[in-house]
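Residue numbers (UniProt numbering), protein chains in the order written: chain A, 1 to 285; chain B, 1 to 559; chain C, 1 to 328.
Calculated pairs, DMTMM-like style, for lysine to aspartate or glutamate (alpha carbon to alpha carbon, straight line, at most 20 Å):
#1 K98/B x E502/B
#2 K187/C x E227/B
#3 K265/B x D245/A
#4 K14/A x D136/C
#5 K165/C x E285/B
#6 K100/C x E227/B
#7 K165/C x D245/A
#8 K42/A x D417/B
The hints are simulated quantities; they were obtained by calculation from the structure and are not laboratory data.
Here are the chains, one letter per residue:
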Amino acid sequence: MRNKRTLPRERSGKAKLWGGACILLIFAAVSLATAQIAPYPKNDMEFEVWLKPSAAHLLGTDSYGQDVFSQLVYGTRTSFLVGVLAGLITTIIGVLVGVTAGFYRRWVSDALMFVVDLLLIIPVMALMIILASFLPSMGLTSIVLVIGLLSWLYMARSIRSQTLSERQRGYVEAARVAGMSDLSIMLREILPNLYPIILANLVSVTTHAVLAEAGLSFLGIGDPKNVSWGTILALAHANNAIMYDAWWWIVPPGLATALFCFGFILIGNGSLERFRHKRGASQQT
Amino acid sequence: MWRKQIWKKTLAVGAVLTMMLTPLIACSNNQAQPSEKGSAGAPASETSAAGGTPVSYRLGDIVNPEQTNNFNPFLKTGNYAPLFDYIYNGLYYFNPVKGELVPRLASNAGTWSEDGKSFTVKLNANAKWHDGEAFTADDVVYTFQALKEHAALDYYRLWGDARLKDVKAVGEDAVTFELNASFPSLPNYLSTVYIVPEHLFSKEDPTTFLNKTPIGTGAFIFQSINESAIILKANADFFEGAPKITELVIQRFKDSPGLTLSLQKGEIQGSTGTLAMPSLPKLLENPDNKLQRYPGLGIFAVIINNDKPGLNDPVVRKAIQLAIDKNELVEKGEMGAATVGNPGFLSQSFGDLVDQSLLENPDYQVNVDKANELLAQAGYAKNSKGVYEKDGVELSFTYYTAANAPAQNKEAAMITDWLSKVGIGTTIKMATWPELTSIAASGDYDLIQNSITVPPDPQAALEVFHSKMTAPVGQNTPGLNWMRFRDDQIDAWLDQASSASEEERAGLYKQIQDRIAEVVPVAVLYTSGKAPYSETKFTGYDTNVPATSSISLTKVQAK
Amino acid sequence: MRIQPSYAVRRVAFAAATLLAAIVMNFLLPRLIAGNPAEMIASQTALGSPEVAEAIKKQFGLENDSLLYQFKQYIVQLVHGNLGISYFNYPTPVAEVLLKALPWTLGIVLLSTVLSYAAGWLIGIRGALKPGTWFDNAALGVSFFINSVPYFWIGILLILLFGYKLDWFPMGQAFSVDYDSLSAAGKLRSISYHTVLPIVSLAIASLASHILVLRNNLSRALTEDYMVLARAKGLSGRRRTFHYGVRNAFLPSFTGFMLSLGHVVGGAITMEIVFSYPGIGMLTYNAILNHDYPLIQGAFLMIAVSIIAVNLLADLIYPFIDPRVNLN
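This is chain A alone, in the form it adopts within the complex:
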């Protein structure tokens, strides 16, 4: 019974990992080689407006005479950078706070979690808009920071609860008896056991960051000079692409965002499945 179920699961985990990796690699390649891939320069408005997709313009042109495909390619870089950088910032803070709060009992844990619970009652989107409207500029750095610094709360909670349960296990006590310091127990003993949960969280915060960037750009909070999938969507919406049946302007940025996040989710899910499988296997033996 068990074998029957785990075998395809391992295979599906592998397939998911590979699929996700392929998707992300493609996006990474695109964002590294924007200039080579995009047929026209960024924000170049020299073409006729509202052109349908053709060989010259794979995804047509928009109301300003910009090549939508080129914009999409430039947008990839923004979304990729925001996703990865903001995701990393979030993860680092989330892990630090989560592990610390989970490892130390009593007041450290209570204080940290109180802060987390407190911050959780602020609507994050609203806070981001507030920060964005008061920051001197809303360039890429600000967006990354605003998203990265405000998204770690749930992650900290989940890491903490996992740390709590790891802490109960025998190996922590053993390490302590062996005279290891708190720091090295946290880093060498507990952290490796948290990898899957960290990975799962990393994936979800990265996805969240990409979507948050799109949302902020859509609300007109981002830097309008910056091309991102969110700004393309915002413009398509504002310029009534629908009246021209210009699906090539509305659908691709949404799909690109979805596909990109999908890639992350596949990797997260695939690796979780593999981890569970391995762990299950090792426990059985």
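Dock chains B and C against the given chain A, drawing on the hints supplied.
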């Protein structure tokens, strides 16, 4: 076996959920059909002025919640100003299409005394307040006295030094405006003041009165307001005869794309000017949809804070002017439906008084090289960021543009991109339209991309640049000189022109415009007066005035 | 089952502490980021007159620059239920502005939350019980995908398709323009009709994660040791699944559900903007862009209170669902 049972339950719950939604959808669909036709909403009991079936005309505009705070025409904030055109009247109406005055509560063009220091207006005897009270000279006197008593309300400084001395009733049906000095622009200024009923306003403080049920003399009577619309009904006793429509609904939108889609769908029949420009060609594919264009009094510009370090240098402002490609902006940003702005600021609305030569003058055409050259000559040097710098002042500025207006933001991106080519750095910030006005007035900005809507008078339009219209940064400007621009020469010319003969004025205005173009207190972009309207269900628009103005909508009738 | 008094007291104390901290934070937040709000008001001069500006300053206790003094004023007013006056809606009190917008948001977000959890749980349970079937795979795939889509995009596409192209539903607003002249039933119909697209978009946008959470928890619960034990004890499949599996898998989802309920008030900024819906989200968005501090503070406080209240409620209900909680 048990699984099947679960599924039965699941299905049942699903069905219940679906049923929760279905009646909503089903009922609403029935509801939707009649409301499409526009007229069904009006109660059947209401009779049209013509005695036929009720006819509801729907106008769309962006009306933010904070613009429904008061209906006091004295106030510049907290209300939706275009509404007053339908409810109230001034003595005159300035017609931006023809650039002329149309008597409203005045019955004629008015008469000047020999010395030009007194102007007498005979009042419209047919006008009546919506509540049935008679309209008298006292209402006019009260309105202008209120401006005198509350300087904050006197937006255009009518009671300034060389202007109004007194406003007196002459019998029941005439009013005399006495002046300190000759002030030929007075009638134009009079068109900026809506006359309010003394019997309602005198009991209140006009600076704080919210006037929740406005009573005017206009063609339409205020009925109600909610989150979706402002509803006005036809004034059967209107002095020019009752409007042919029964009801005027101003449907509220949050942004121009939504409004434009509604226009395309035929849910609304017109707008007072708001339109998502990229949709225009598609909209006009329907031959019933029309776009009336006129130069207009709203001048879109990059408003420059002349008090800020760097921007107080005329060379820098000049570079900004030279960096901007106005033709490209109008063509790509406004789909060609705007008029390229004159660097001398005056809108084409003012006809012969406008210095047309400035438009063609090569000195004011886009020229990136020349801008760079000027800056370099003035001792600016590019720093490592590629931004010009002199004496520790870096030419980096914040650039405000309207939030939630992606088309404006796109234009902002184009402009700031051009600015970066002349070594001027910008960081774009967003604010709502009301806030843009507020920060412009307070001076807490470097650059703002917004429109300056000038009074319907060339003197007043140019007096935007008079030093008496400004205030130090941190204080609200008394007039539209948000730029904090001060120039003794321009002040002198303006003061001279305010009481000069028509011929002299024309000459002075040319000089002023040339100087404005040269010292660039503001980088003019374009003017955009437009009124989209649909003839699918309605006809009889008067296009000698804006097609969706009160005068035109009084004549409009259902097909 | 009874709630242990000590547990209840702890939860209430915690809620009170959070509320207090939230009030302090709420007071500090606009002041920290925005510099001096007094300056802001001075330049905004509500209705254009300096006297009014002075009056507003006084109203907010801003005539004195000391932060402590301002905080005292703030608390005193709060105790009297006074949230201040909105700058941009002067002289309408913040509470009134908020209360006008609240029902709209509550309506759409509450309904969509319930709807999406109900649907998400049903689909999730079915998927977990029949893993690997086409239904499970399809549900999983679609959920993953929807989870990756920017949710306002769903709103836009729905508006374009059902609002513009097909003309089945209105493209925005909370009710039709002739609302005031409608009968009570007509008003209700008009409102419901306008809520369909926003509710459906919100429900779709959040549905996916509910499916995933419940499915994962349930599949895990089904392979736990106690399930094996239950099987060994010879309990029927149905009893096993529901009494042991679903109940345990349901717990984290219940927490999630209560959390979502708490976030109902502040939850739908983007969606309200897409649908021009006159709720709290749109209000907050405009207040932020207009730098309308009293309104931002008021909105945040309302959100905080609702979240704290719902969390407390969840904490107090929890022991009835999961007796283990009481032990600690």
